[in-house]
Every structure is written in structure tokens, then in C-alpha cells.
Amino acid sequence: MRTAILSRPQPMGRIIGAAILAVIAGFALLGPVLVPGDPFAQSLMKSLAGPDAAAPFGHDHLGRSLFHRLAYALRLSPLIALAAVATAASAGLVLGMLAALRGGWTERVLVILADALLALPGLLMVLIVLAIMPGTATGFWAGLSLVLWVEFFRLTRATARATLASPAVQAAKLLGFGWSYIFRTHLWPEIAPLMLTAAAFGTATAIMAIAALGFVSVGMRAPTPELGLMMVELLPYWREAPMALLTPVIATFALLLGLTLLAGGHKP
Amino acid sequence: MLIPVRSLAGALVGLCLALPAFAESAINVAAPFEIQSAEPSTTGHIFTRMGIAETLVDADPQGRLLPGLATEWAVSDDGLTWHFILREAVSFHDGSAMTPEAVVNALEIARAKPGPLAGLPIVAITPEAGAVVITLTEPRAALPAYLAESRSQILAPAAYGADGQGLAVIGTGPYRVTALTPPLSMRATEFADYWGDAPHVPDVTYTAVSRAETRALMAESGDADFVFNLDPATVTRLSRSDALQVHSVAIPRVLLLKVNAAHPFLEDADARRALSLAIDRAGLAQAVLRYPEGADQLFPPAIGAWHNRALEPLAHDPEAARVMLENLGWAAGSDGILTRDGQRFALSLTTYPDRPELPLVAAVLEQQFRAVGIELAINSTNSSEIPAGHQAGTLELGLIARNLALIPDPIGTVLSDYAPGGDWGAMGWQNAEIVALAQSLARGEGDDKDRARISAILQDELPVIPIAWYQQTLAVRAGLEGAVIDPWERNFGLAGLRFAE
Amino acid sequence: MNILLSRLVQAATVAVLVGAATFAMMRNLPGDAAWRIAAGRYGYDNVNAAAAEAVRSELGLGGHWFPAFLQWMGNLFRLDFGVSLVSGQPVIHEIAHQLGASLWLALAAVGLSLLIGPPLGIIAGLRPGGLFDRALLVVSTALKAVPQFLMALILILLLSVQLGWLPAAGYGQPRHFILPALALALGLAAVNARITRDAMASVAAQPFYAFAQWKGLSRTQVLWRHGLRNVSVPLLTYLGLQFVLLVEGVVVIESIVGWPGIGHALVHAVFARDVPMVQGTALLLGLGFVLVNALIDLLAARIDPRGVQ
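Protein sequences, first through last, are from chains A, B and C.
Numbering of the first sequence is given in the numbering used here, commencing with residue 1 and proceeding in unit increments.
Numbering of the second sequence is given in the numbering used here, commencing with residue 1001 and proceeding in unit increments.
Numbering of the third sequence is given in the numbering used here, commencing with residue 2001 and proceeding in unit increments.
Calculated from the structure, these hints are not laboratory results.
Hints are supplied without guarantee of correctness; some may be wrong.
[To be verified] Now the stretches of chain A that chain B is said to cover, found in silico as 3 or more residues with beta-carbon under 8 Å:
#	stretch
1	113–125
2	136–148
3	185–191
[Unchecked claim] Covered stretches of chain C, as calculated for chain A (at least 3 residues, CB under 8 Å):
#	stretch
4	2071–2085
5	2239–2253
[Stated by the list, open to error] Pulled from the structure, derived: some chain C residues nowhere near chain A, Cβ distances all over 10 Å:
#	residue
6	V2018
7	M2025
8	D2045
9	P2147
10	F2149
11	P2207
12	L2236
13	F2271
Even for Gly, the Cβ is constructed at its ideal location relative to N, Cα and C.
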């Protein structure tokens, strides 16, 4: 009865999400191996032409293979997103543990900092960091890491505080077990599932940000194949070649849907 | 209880859909330029285009100068003293009269700011009865053309603050501003005391829409009646629509490759010729710009005497380019990129996305240059990187859209870009003959043979490599008559537009 | 009172962070700031060495960073945001100009999302596990996965280009609101609907709810008296959290449809390196978030005094 009342992470949804992501990853990694080609090679004669053997998804306005551009784009954004999430998760985990263990001013300062970052729109932070950092990919990585660590920090701190106060941990401490043992046996099993959900949401957030900024022309730059950039490039040709525009649209949707399903339920 | 909410929403949506698309008494203009403020040195070109501010001198589509706020002008025999007789009974939008003092005030303020007037050898601008006198230290035959530039617009003294900053747009044009809301919109209405013919349509609005796709959609939906500057793909599409007329005219703007001729790879003219031969202009023009042809020399045919018909057209011949580069000591490496003395033929190409076709053309060039063994790294960035890189000497190649007629006489751009060089022109390249010819033309000496000679030198030496001549495009709602494209990009000609009966 | 104090600390930290970040941005501009600003002011046809020099001498760019930083933060705390480097207008004046347009768009989006989401959520929550509930789950999951810019693109293609029902861009008339507001609202509604559905389902499962029905109130009366009141608290709290999401959406959507609001101004300011404008808009958005959440804390305490910690 309870499960019907509250929407919980649905195992079925998670399986479907993981399957979608596996298909996308398979396409991005294996597609160019099966059909070799260059995402940058142009052929102006084939501008907006339909699919052929060398370009199974047809050609864009410069006659480049959409299949290979899409495969490249589906490696680029997830790669940046995963790097940012990994950085943010480690930073959040370490700082969250630190706050929970040390308490006092360390905790207070970190919480105030996290609360303040929470109040600033993530896209804005990424935009500012992009303006400071040289290189778009590193700028995205740094900016997104800065935005995403807060979520991991809050999760870790809340869970760690509750767990550290539990009788089991108190007993372990009395028995003389070290911190690394307590972390592995008591803390990590509590935190890990939450981290997975947060990581899936974080990856989706990062991919959305990269695509959105690409779409408004302040993110990745041409001729890099990037999902948002591909959409804005192909938008003027919608009447002539609707499928060319729909290809990155569908891919982005599938990628984000897969991540949302994998995360399951609500944002923690 | 849920029903009322939903029907309310339905009613709201229905109400909004039922609203009329536009009022018949207004022309809604959509253009890419954002309004920054009431400052003429930055936003003045919008005020002149919209028929709000005017200049002393006007120009027709052929580039012939016409009387504007000055009815006639004359220069002394030594070419140093210019008299501009002012039009009588002209009043500003605030009701004050356009006196010689007001004109001098506006010109002095314009001259103190960056702009074409700032570079002129002016000693003094003085008022006289019904006239303004400009004294120079050396003759400048094109002075009237400089006064036709939008930043030389004449605003009332009350338009400027104490420091010369523009505070309000108080011009003399057929329309006066009723609401100026930077950065995106402006409204204007008919000025009752205008000295010339009253406009046919009493109200105009201006909306800055930076995205070309969005402007095209506004043209299609009827949200804008007059849409300036369409992207190439849109032109094809809109041309088929019955609700719109698409106008297209050649303008003196050129898509070109600015070359650092001081760069060790590019200092030999043959290296620049090889780059030129590597470019498939026709393919590029048709696929990216959707023009029938590319540029085969710097000056487009529309620009009169500067276009030299006798020149051998720039051609596409990658094989010849390879041979030329081989003769310069370059040999293909294992990856197909040329090397010489252990150095790869790799260059960076800087461009800016403000004009959407530039990064696209850059992407195409990257492939075409690779075909002859030259590697390009494209850096699409802020437009200021071009002049900044020029000043620092770090620019290698720049892909730019250069307006050859910032003033309605190409001599202005030739002087600033090629005699001897300039931020948006030749770099690391000097030619004494061009400097001498251009200066004599600027003084008012010389003839069309000299202009043709300048074109010939530029064609032979290629300090910049022309790629395509621009077409200005415009979509006007069907039923709106009298649209004329000003190739000098000075005026939308709104006052001459009328709705068909 | 404690709530307000912590919100005040949050606001001050936001101000310091924004100040420091924008100062770093100003000092670390790749390339020369004077050139960038000159390009923003004079356009690509007219930016040249003379224009850049004029900007440099006017703004006095240069000098040691530390005194400049102290002055920067000092100005910030005196609420002196300076003038826009591009337009030369006071930043506060520019923002005041643009804030209205953004607020209307945000309100229209929230309003629209409340018209769509909660009613559907209540219907689903009254019969958890039913066909409608499951359909709503599928639809809301799919909608959540669509970023706002993609939603805007899809709506433009569908409603403007294909059907010609709505203008794709423009500002000033009611019909211009529908498309951008809808693009923002659908994502918000997807989550609103889930929140409402969960809250409704748990309220409907409470004994007092069944008791109210049993004592003879009609279904509508029960819903009105007991259901909505309890549903509104989580919904309200959630709206506060959504504010950031909404602001992000506004930034992107405004750029796409050319809406003259602060989001559009912000993207432009970043592009033209107009740092005072970036600082002003960022500060406004950050403090706006704190303010909205402080108000929601107070409002939630009024509706349901039990929930206050």
C-alpha cells in the first residue's frame, strides 16, 4: 500500500533507463567502428542529402555525416559531464565527511558556502567560469563541478551525521575500530545508493547545461559536434531536412530520459 | 471545482490567439542590431536607418552624394576650406531650430569620439550665417562622404550631456522617438514639423532580434513587416512564400581572409596565391551562402570604378596551389600536412560568430586548405580579437566580413585598410604605390585608372584574399510597397513605404 | 526569527561570492578587456585600435588587484553597481528596465504550471495506482527529461513554424507570452504534478480524510477543506526550490525568443564582457532566490504552523 502512495525509485524504470543508456553508449563507442567516417569531413555536394552507406543518418548542411557527428557529440558531452560529476562527487564526499566529523566552524562555513551556491543559478556559474577559464571543455568541467558538488556535500553530510550518531557506530568506536573501517562498513552502504541517484541527476544536469549553452551560442564552438550546437546549426534547414534536425533532438531526449529513469523518483 | 480553472485557462489561451497580429498603421521592423543607448557613436546607425536622425549629406543607391541637412557644399581652390550651406527651416524633434551652432556642436562631439571623423585632418568646424565651415590641414575630397556616415548625424544640443554622452535622440528625421527601451526595442511616430515629405505610415517600431532564424520566423508569422538581414537558408524558404517579398541586392561588403603577410609561412606572395587557389569559391558560395557565385576580386561590380573588369579572376585550382607550395620548399608529411625545415604548415584562423555564416565558411575553409596540405585551427571568438591580434602581430589568418563602404565612398576604407594597412585590412604588408595612389585620390586628384590600378595591385599581391561578395537581404510583408535596399547600409527607407490599398 | 537570520547570512554570502567571482572574471578576461568592450560598443565594423584606446582611458583598466578588489567589494556593499561598460547606463537602471519583462514571464510560467500540474496531480493522487496515475507518471517522467531549451525548440517548430498559431518571438502583446511561458511551464508542471500527487495520495490515506467523508461532506468539500490545504505546503516549498530552475530556464528561453529580460541581458553581458552587468544581474538573481525562499518559509509557517523547525 505504501509503495502505491508515494512514488519511490521504480526498479522497472531504472532497468529501462540503464538499457537506453547502454544503447546510446554502444552507438557512440561502436558506431564509428562499424561504419568508419570522419565527423568533420565535408562534402558540399552532399549538403543535406539523405542517408547512404557511408552516412547512415544522412548529411548536414555542409555535407558532413550526421551519424559520425552524433556519435562524436554523444561521447563529448557525457565525457565532460562524467568528469564533472566524478570531481563534484569526490569533493562533496570529502567535504561532507569533514563537516560531519569536525562540526563547529568548519561545518558552519561549508554549509553557508553550499547554501549560497545553491541560491545562484547553475547556468550563470558555468557562464562565469567559462569566461574565466581558457578552453571550453575545461571551463565546462570546472564550472559544472563547482555547481554540482553542493548536492553531494549535502547528501553526505546529512547521512554521515545521522549514521555517526547511531548506536552501531558508537559501539564500533568503543571497540576501537578505525575510521576507515567505520566508513566502509557503516557510512558507505548508507551513502552509496543516494550518490548513484545524485550522480545520475548531476550527469543529466551537466548534459543539459552543455547543450543549452551550445544552443544559445555561448558554449562549445563550431565545428565541434555538440548536441545543442548541432540543433542550432540545423534549425534554419528545418523545412528542407527535418530529419537532420530531429536526429540530435531525439538523441538528447533519449540520453536525458535514460539518466532520469536511472536516477529514479525525485531529486533527493 | 476543477472545471472553472480549466475553462479559464482555455479562455485565456483563446483570447490571446484572437488578438490581431499587427496594427495596420505601424511598420514593425526586425533587425539584428541591438540598441545600446541614446549614444550616436554606438547606436547612431539604428537612428539613421530608422529615419530618426539625419546627416548633412545623403547618398543614393549608386553612391552619388545628395543634399541632406546641407543643401549644397563647396570647397576652396586649395581644397582646405569646405562650406556646407544648411537647409533652412529645419527643426529638431524638441522644437528647437537647427542652427549652424547646433550643427557644429553635434559634429564636434562626434569628432571627439572614435569614428570616421576622428581620423580626418580637421583644424576647425565653425558656424557662419546659414552655413558650417570645415577647415582642413590637407585636402580631403571625400569629406562630404564622411559626413554621410551615421556617426556624423546631427542631433539637437539638448540630446547630449555635459560630457558629450548621448542622453536622448533628438534628431531631425521624419520619425521621432516615442519610446527607447534598450537593448531590444524602440518606437517612433511621425514628426509633424518634418522639413521633407511626411511619411506614408505614421508609426514604426524597431525590435532587435539577434538570431537570424528567429527573425525569419517573425517574418513568416507576420510579427514583423520589415525584416533586415536573413540567413541564406531562410532566403530560399521565404522566397516561396506568398505573404512576403524577399529583396536581395549586392552590397559593398566582402567576405575575405585577412592574412598576416609578415608571418614566415605567408610572407611570399606565392604562398598567399596558393591559399587563394585552394579556395573553392563557387562551391562555398552555393552551399553555404546560397549565392550564385563567389568573389573573383576584392571590389564587387556594384562599386563602380573600383571594380576592375580587366583583372584575371581568382580561380580554384588545388593542383596549382600544391605545385606553388612545393616550389616554396614545402613537402607533404606522413599525415598529408606540408612541412618545411621541420615546421608544419599549421595556422590559426580567427573569426567571430556575430555573422552566422563566418564560422560555417571557416569550417569549409579548414577542409579545403587541408586538401592542399595546410592545417587550420579555427578560433571563433569575439570580433575584437581580429584588430587586437593585428595590433599585437599575433593574428595569422582572420576570416572577416568587411564593409568596403563605411562611408559611401570606398576611398575611406581603402585609406584605413590598405594605405598602408589597418586593423581590418592589410597586415604586415605595405605597398608604396597604393599609398601614393590612395592619398592622391583622397585629395581629389587622380581618376578611375588609379582606382583600377589599386584593385590590380591588391589582386596580384593578395594582402587579403577575397572569398565572396555579400548580398543584403530583406523580407517585406506583401502589401507593403516601395521597399528599396540601401547598399550603403545607411537607411531602411521607412518613410517611403506604404501599405497597398 | 532564526529562519530570517540564516537567510540573511545566506544573502551576504551570495553577495560576497558574486562579487569575488565577477571580480575574478574582470581581471582574468582572456584577451584584453578594453578590446572586448569596444567590440560590444561599436560593433564589428567599427572596432579598431582607436576605439579600444578610448575605452581603456575611459575605464582606467589596469592596476594592482588587491586595492581594486577592496574597492570593488566596497562598491558592492554600498549597492553601487557601477555603469554598464557597453551602454554606459547605470547597471541598476538597466536592470530595473529588464526585470519587469522577466518577472512577468516567470509569473506567467509559474501560473501556467499551476494550472496544468496540480489539478492533474490531485486527480492521480485520489486514485493512486490507477490508470490515470500511471499515465501521468510516464508523461511527467518524459517531460522532466526535456530541457527547457529543447522544449522551446519543439514548441517553436510545432506551434510557430508548422501550425503558424503563435509568434516565435517578440514582446509586448499577450500572445507573445504563450510560447515562452509554456516552454517553461511544462517542465515545472511535470514536477508539480508529481509532488501534488504524492501529497494528495498520503493525505487521502490519512484517517481524518476518510472520517471527513464519513461525516457526510461531499468529495469536493473534503478535497477543498482537508485536501488542498495539506497539499499546498509541499507544493509551496517546492516552488521555492524551483525558483533557480525557473531562472535558468528564463535565461535560456529569453535568449531564444528575444525576450527583453535580465536573462537575455545576462547572456549578452557575458558575451560582451560587460562585468558590472554580469555582477548586477547575478546578484539580483541570487538575492531574489534568498528572498523568495524567506517568504516561502514564512508563508509555509502560516499555513501549517506544525512544520516549523
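For each hint, the structure was consulted:
no.	hint	result
1	113–125	violated (count 0)
2	136–148	violated (count 0)
3	185–191	violated (count 0)
4	2071–2085	violated (count 0)
5	2239–2253	holds (count 5)
6	V2018	violated (7 Å)
7	M2025	violated (5 Å)
8	D2045	holds (20 Å)
9	P2147	violated (4 Å)
10	F2149	violated (5 Å)
11	P2207	holds (14 Å)
12	L2236	holds (16 Å)
13	F2271	violated (6 Å)
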